[in-house]
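In our numbering, the protein residues as written are 9 to 157.
There are no misleading hints in this set.
DEER-style ranges, computed between Cβ atoms:
id: 1; residue 1: 82; residue 2: 36; range: 36 to 46 Å
id: 2; residue 1: 29; residue 2: 94; range: 30 to 40 Å
id: 3; residue 1: 48; residue 2: 91; range: 35 to 45 Å
id: 4; residue 1: 86; residue 2: 44; range: 35 to 45 Å
id: 5; residue 1: 90; residue 2: 60; range: 12 to 22 Å
id: 6; residue 1: 17; residue 2: 152; range: 38 to 48 Å
id: 7; residue 1: 44; residue 2: 139; range: 47 to 57 Å
id: 8; residue 1: 140; residue 2: 102; range: 18 to 28 Å
id: 9; residue 1: 67; residue 2: 91; range: 13 to 23 Å
id: 10; residue 1: 48; residue 2: 146; range: 43 to 53 Å
Since the hints were derived computationally from the structure, they do not count as laboratory data. The C-beta atom is built at its ideal place from N, Cα and C for all residues, glycine as well.
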Amino acid sequence: MQRNGFARDGLIETLHTVQQSFGFLDDESLRFVAASLNAPLSHVYGVSTFYHMFSLKPAGRNSCVVCLGTACYIKGAPALLEQIEKEYGVLRGETTEDGHLSLMTGRCIGSCGLAPAAVINGQIAGKLDVEETMKRLRVLREVEDVQQA
9 MQRNGFARDG
19 LIETLHTVQQ
29 SFGFLDDESL
39 RFVAASLNAP
49 LSHVYGVSTF
59 YHMFSLKPAG
69 RNSCVVCLGT
79 ACYIKGAPAL
89 LEQIEKEYGV
99 LRGETTEDGH
109 LSLMTGRCIG
119 SCGLAPAAVI
129 NGQIAGKLDV
139 EETMKRLRVL
149 REVEDVQQA
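Work out the full structure: start from the sequences and follow the hints.
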């Protein structure tokens, strides 16, 4: 905030910095940012919930963003999302109870030629079907289990 002279137009950069520092944006952080930038809390909250890159909850150790853009939707993304929700017992926008996986959706990830697509731990995975998606997510669990052993 100081780097931007506590200016309101530095809000997005400030939110990025806070999230990088703490992993997510909690109520206390949002209130602090609003007070420091002399901005209405409703504005800070609105910006933090509008952009998909901000999270108001702690993120899981792994992440999966299922694209629900038009091409992905038509080519089967809802089935991918439904199976992940069913198998992991998690709803979109949530993290599994054990903190293993955060499941999110995006309006378009810019990979329409690979539809249906998802971003798994920051890597685009395309031309997915339910079986391949679940296989990729199971590998994440196996790797995590090996690392914890």
